[in-house]
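**Q** Okay, here's what each chain looks like letter by letter:
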Amino acid sequence: GNSVTQMEGPVTLSEEAFLTINCTYTATGYPSLFWYVQYPGEGLQLLLKATKADDKGSNKGFEATYRKETTSFHLEKGSVQVSDSAVYFCALGRSTLTFGKGTMLLVSP
Amino acid sequence: ETGVTQTPRHLVMGMTNKKSLKCEQHLGHNAMYWYKQSAKKPLELMFVYNFKEQTENNSVPSRFSPECPNSSHLFLHLHTLQPEDSALYLCASSQEGIGGASNEKLFFGSGTQLSVL
Numbered sequence: 003g004n005s006v007t008q009m010e011g012p013v014t015l016s017e018e019a020f021l022t023i024n025c026t027y028t029a030t031g032y033p034s035l036f037w038y039v040q041y042p043g044e045g046l047q048l049l050l051k052a053t054k055a056d057d058k059g060s061n062k063g064f065e066a067t068y069r070k071e072t073t074s075f076h077l078e079k080g081s082v083q084v085s086d087s088a089v090y091f092c093a094l095g096r097s098t099l100t101f102g103k104g105t106m107l108l109v110s111p
Numbered sequence: 348e349t350g351v352t353q354t355p356r357h358l359v360m361g362m363t364n365k366k367s368l369k370c371e372q373h374l375g376h377n378a379m380y381w382y383k384q385s386a387k388k389p390l391e392l393m394f395v396y397n398f399k400e401q402t403e404n405n406s407v408p409s410r411f412s413p414e415c416p417n418s419s420h421l422f423l424h425l426h427t428l429q430p431e432d433s434a435l436y437l438c439a440s441s442q443e444g445i446g447g448a449s450n451e452k453l454f455f456g457s458g459t460q461l462s463v464l
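Just so you know, the protein sequences line up as chains A and B, in that order. Per the numbering used here, the first sequence starts with residue 3, numbered consecutively. Per the numbering used here, the second sequence starts with residue 348, numbered consecutively.
Quick caveat, the hints were computed from the structure, so don't treat them as lab data. Nothing here was measured: the structure is a model prediction, and the numbers come from that model. It cannot be assumed that every hint is accurate.
Stated by the list, open to error - One-sided and incomplete, this derived list gives chain A residues near chain B with beta-carbon spacing under 10 Å:
no., residue
1, 36
2, 38
3, 43
4, 44
5, 46
6, 91
7, 99
8, 100
9, 102
10, 108
Unchecked claim - A few chain A positions that, by computed beta-carbon distances, are all more than 10 Å from chain B:
no., residue
11, 18
12, 22
13, 57
14, 69
15, 72
16, 74
17, 79
18, 83
19, 84
20, 109
The beta carbon of each residue, even a glycine, is placed where N, CA and C say it ideally should be.
Using the sequences and the hints, build the whole thing.
**A** Following this line, the structure appears as structure tokens:
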């Protein structure tokens, strides 16, 4: 079956630091890969996605590349802001999504 | 604002109570979902409704009973819950439902934070 493994949080960074949140997966077939973000008190929102190997998804300065050879979809951002503080979920699938446990990001001024 | 509204935002109930969670979407979507979010665990898919028909029930205990009267509304009826059922319950919708090409993007509500005493 499908599964997603994310790095444990919280990830604590200072503003303008570089961010990497690791995500690896196991899957049958060729699923799409996603990053969702959950801000405090809200539901999840789609941040970015990639539908096939070597695709790069990007949005709001975040990006992730679908790496089939390493079964990874790591999330990166060059310079984080306080407003990026949230929980980030890696997910995969087609008809239904399989989510990871989520990684909390805390950015301090 | 994602177009998916859940009520109530918070709910405290005893183990013998009966309550219902409500979800409403105004996006014209054909699929609706219930997820359970517990601390330090992956999001758990509970139920899927596709064109008002239940298409998935991921081994959810019978004390949780979903209802989808139309494509815009989804309920989760709760009775005789256990303390371990305390969690954030998230409703989501997607455009085409199971097997559709554009069903990959889920729109989530803000959730109902449930505490079972």
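**Q** Each hint: holds or not?
**A** Each hint, compared with the structure:
| no. | hint | result |
| --- | --- | --- |
| 1 | 36 | 7 Å, holds |
| 2 | 38 | 8 Å, holds |
| 3 | 43 | 7 Å, holds |
| 4 | 44 | 5 Å, holds |
| 5 | 46 | 4 Å, holds |
| 6 | 91 | 7 Å, holds |
| 7 | 99 | 7 Å, holds |
| 8 | 100 | 7 Å, holds |
| 9 | 102 | 6 Å, holds |
| 10 | 108 | 16 Å, violated |
| 11 | 18 | 29 Å, holds |
| 12 | 22 | 20 Å, holds |
| 13 | 57 | 13 Å, holds |
| 14 | 69 | 19 Å, holds |
| 15 | 72 | 21 Å, holds |
| 16 | 74 | 17 Å, holds |
| 17 | 79 | 21 Å, holds |
| 18 | 83 | 22 Å, holds |
| 19 | 84 | 21 Å, holds |
| 20 | 109 | 21 Å, holds |
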